[in-house]
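**Student:** In the order they appear, the protein sequences are chains A and B. Using our numbering, the letters of the first sequence map in sequence onto residues 1 to 291. Using our numbering, the letters of the second sequence map in sequence onto residues 1 to 235.
To be clear, the hints were calculated from the coordinates, so they are not data collected in a lab. In this text the structure is predicted, and so the values were computed from the model without any measurement. Check the hints yourself; a few may be wrong.
Stated by the list, open to error - Distance windows between CB atoms, simulated:
no. : chain 1 : residue 1 : chain 2 : residue 2 : range
1   : A       : PRO279    : B       : ARG107    : 37 to 45 Å
2   : A       : SER220    : B       : GLU22     : 55 to 63 Å
3   : B       : LYS172    : A       : ARG285    : 54 to 62 Å
4   : A       : PRO86     : B       : GLY15     : 13 to 21 Å
5   : B       : GLU221    : A       : LEU94     : 51 to 59 Å
6   : A       : GLY146    : B       : LYS172    : 53 to 61 Å
7   : A       : LEU74     : B       : GLU216    : 50 to 58 Å
8   : A       : LEU74     : B       : GLY15     : 56 to 64 Å
9   : A       : GLY33     : B       : GLU22     : 28 to 36 Å
10  : A       : SER220    : B       : GLY15     : 19 to 27 Å
11  : B       : GLU2      : A       : PRO279    : 31 to 39 Å
12  : B       : GLY15     : A       : LEU157    : 51 to 59 Å
13  : A       : ASP58     : B       : ASP109    : 44 to 52 Å
Claimed, not checked - Derived, one-sided and incomplete: chain A residues facing chain B with beta-carbon distance under 10 Å:
no. : residue
14  : ALA83
15  : PRO86
16  : ARG90
17  : SER91
18  : ARG92
19  : THR93
20  : LEU94
21  : SER118
22  : ASN156
23  : LYS163
24  : GLN169
25  : ALA177
26  : ALA178
27  : LEU180
28  : ASN184
Just so it is clear, CB atoms sit at the ideal spot from N, CA and C, and this is done for glycine as well.
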Amino acid sequence: MNLFLQICIQGLMLGSMYAILTLGYNIIYSTMGMAHYAQGDIMMVGAFFALDFFVTMDLPIYVAIPLSVICNVLVMLVIERLAYRPLYSRSRTLLLLCTIGVSTVLRNAAQLIWGTQSFNFPTIFPGDIIHIGEVYLVPQNLWILGVGVVMMLLLNLFMKKTKVGRAMQAVSMNRSAAALMGVNMQTITMITYGMSAGMATLAGVMLAPIVKVYSTMGVSIGAKVMISAVVGGMGSMPGAILGGLLVGLVEALGGMYISTTFKEAYPVVLLLVVLLNRPQGILGRKKVVKV
Amino acid sequence: MEHVLSVEQVSAAYGSIRALKEVSLHVDRGECVAIIGANGAGKSTLMKVISGLLPASSGTIRYEGSDITKWPTHKIVAAGIAQVPEGRQVFSELSVLDNLKMGAYQRKDDIQPEIDTAFQTFPILEKRMHQMAGSLSGGEQQMLAMSRALMSKPKLLLLDEPSMGLSPLLVKTVFDTVRRLHESGLSIVLVEQNARMALSVADRLYVLATGQIELEGNAEELQQDPRVRDIYLGI
Ligand SMILES: Nc1ncnc2c1ncn2[C@@H]1O[C@H](COP(=O)(O)OP(=O)(O)OP(=O)(O)O)[C@@H](O)[C@H]1O
Ligand SMILES: [Mg+2]
């Protein structure tokens, strides 16, 4: 029972980061109507920036994180400008192919710049293991879970209470009506990608001490993000959180009670089970899924 | 007299479908101009082109002296042109109040007076203030769409079939509102299937047929015109 609780917390910790990444993926999906395949690789680039600033340059973490976020947001905006923007008026398939291309380019660029090996990332939340009765808690896990929850709350506040957040919702509901309200689509597009990349960077930094930093780290995490998005319901914000947490839980529990060898397969099983029972995702609305 | 809006020889197409063919029309300050025409005549296309949602393939659109043909929609809205699009297009998962706030998206000043005005004009909107716009009835959504467009304090209002799908009583309410806006000095372009209603508020009228202006003139004169009477008034 205690072990079970510990594994659940481990799973929720991982899941909260998948949720943050999925929220970033979903805001692009709902505002731009596009599946951003390169989301995991953007996270990887963010983690490498953090590695440079925090480990190589030895900057304090509260400087290293904002710097990494800024650099990675700029990278994302350049990609948007050069690769995606020329394709918005073309077919969605072209855009999807383009994001797949961007994903490959990012991975190869990372290998050229940072090499192909894995780098250790020191924990940013040190502290002794806490005992509560028979349950052992790793402070890092609790911190990460806390950061995840705070980010979700902030994003929710932003979407509901700010003018720009409301505009992003309006764009996702009815693009041309939002334009008729005077929403500048270019600005909203840049804010959407910027926020998404910023959130991916933070998740990357949080996950780095656990999974290490390497050029292909975005592949398996990116796959889990897309699974979380589909499981929760494409484009749904509560769905992203639920999907992310479920994927984290399934991965951790499966790894503990079945075998770690198939760690990557458990989320896929979850995906199949959900798709067979509820094709639109747990919290998704019945709608044709545009990929 | 200087025109508020002038559309000069404007054409537009959806791929190979030519929906507008060298359409010219103008709206004077404070004027209410109606555009009538059969289904598929190109009325909504014209509205989209004026608002910059669809590019004109040729021709020029001038608004208060500036050439706005190539402007993006948000800049056209900022200049003072608001549109109530065909089929209401409210933001269904935002509350009524948030829909109104979206209408005032570009404003930096206090928007409460316009919210109050909207609630005075359509009291039902105040009752439904916190309800999702998608849960409103069609007529209520139409009132919301109109109020939302007015939140930007436009100088020119484009209305695309505001009476579509409404009960006769609501049609009257909507047209009373249009009449009041007209009397307050707002310039209006009114697209309508309901030619009788359109003629009752408009100063001038254009008849659009298969992407071209077929007839134009003073509302009172056209009411007597046999072509309008036969085809659009069905007398
Ligand atoms: N998105 C589109 N793609 C392709 N063709 C379109 C599109 N929208 C309109 N059309 C075509 O352009 C022509 C003009 O359409 P438009 O919507 O402007 O007509 P309308 O006068 O507003 O008709 P209605 O009274 O039915 O609203 C029609 O032949 C229509 O089929
Ligand atoms: Mg129409």
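**Student:** Compare the structure with each hint and give your call.
**Tutor:** Hint check:
1. Distance hint check for PRO279(A) and ARG107(B): the Cβ-Cβ separation is about 42 Å, which falls inside the suggested range of 37 to 45 Å.
2. Between SER220(A) and GLU22(B), the C-beta spacing of about 58 Å keeps the proposed range 55 to 63 Å intact.
3. The hinted range of 54 to 62 Å is not satisfied by LYS172(B) and ARG285(A), whose Cβ atoms lie roughly 36 Å apart.
4. Separation of PRO86(A) from GLY15(B) is about 19 Å and conforms to the stated range, judged on CB atoms against 13 to 21 Å.
5. Restraint check, GLU221(B) to LEU94(A): a C-beta distance of roughly 52 Å satisfies the suggested window 51 to 59 Å.
6. The beta-carbon spacing between GLY146(A) and LYS172(B), approximately 58 Å, falls within the hinted interval of 53 to 61 Å.
7. Against the hinted window of 50 to 58 Å, the Cβ-Cβ separation of LEU74(A) and GLU216(B) comes to about 54 Å, which satisfies the hint.
8. The beta-carbon spacing between LEU74(A) and GLY15(B), approximately 37 Å, falls outside the hinted interval of 56 to 64 Å.
9. At roughly 34 Å, the beta carbons of GLY33(A) and GLU22(B) sit within the given window of 28 to 36 Å.
10. One distance hint, 19 to 27 Å for the beta-carbon pair SER220(A) and GLY15(B), is violated here, with the actual separation near 42 Å.
11. Between GLU2(B) and PRO279(A) the beta carbon distance is about 58 Å. The supplied range of 31 to 39 Å is therefore violated.
12. Between GLY15(B) and LEU157(A) the C-beta distance comes to about 43 Å, which lies outside the given range of 51 to 59 Å.
13. Between ASP58(A) and ASP109(B) the beta carbons are some 49 Å apart, a value that agrees with the proposed interval 44 to 52 Å.
14. Taking 10 Å as the C-beta contact cut-off toward chain B, the hint placing ALA83(A) at the interface is violated, the least distance being around 21 Å.
15. This hint is violated: PRO86(A) has a C-beta 16 Å from the nearest C-beta of chain B, more than the 10 Å allowed.
16. Interface restraint check for ARG90(A): the shortest CB-CB distance to chain B comes to about 13 Å, outside 10 Å, so the restraint is violated.
17. Against a cut-off of 10 Å between C-beta atoms, the interface hint on SER91(A) is violated, since the closest Cβ of chain B lies about 13 Å away.
18. This hint is violated: ARG92(A) has a C-beta 17 Å from the nearest C-beta of chain B, more than the 10 Å allowed.
19. Look at THR93(A): its Cβ only gets to about 18 Å from chain B, farther than 10 Å, so that hint breaks.
20. Hint status for LEU94(A) relative to chain B: violated, with the closest Cβ pair at about 17 Å, above 10 Å.
21. For the restraint placing SER118(A) at the interface with chain B, the shortest Cβ-Cβ distance is roughly 43 Å, beyond the 10 Å limit, so the hint is violated.
22. A distance limit of 10 Å between C-beta atoms decides the matter here; for ASN156(A) the minimum to chain B is near 15 Å, and the interface restraint is violated.
23. The beta carbon of LYS163(A) is positioned within 10 Å of a beta carbon in chain B (closest approach about 7 Å), and the interface hint is therefore held.
24. With its C-beta approaching chain B no nearer than about 6 Å, GLN169(A) sits inside the 10 Å limit, and its interface hint holds.
25. At about 4 Å, the closest approach between the beta carbon of ALA177(A) and any beta carbon in chain B falls short of 10 Å, and the interface hint on this residue holds.
26. With a least beta-carbon distance of about 7 Å to chain B, the hint placing ALA178(A) at the interface is held under the 10 Å criterion.
27. The interface hint given for LEU180(A) is met, as the beta carbon of that residue sits about 5 Å from the closest beta carbon of chain B, less than 10 Å.
28. With a least beta-carbon distance of about 4 Å to chain B, the hint placing ASN184(A) at the interface is held under the 10 Å criterion.
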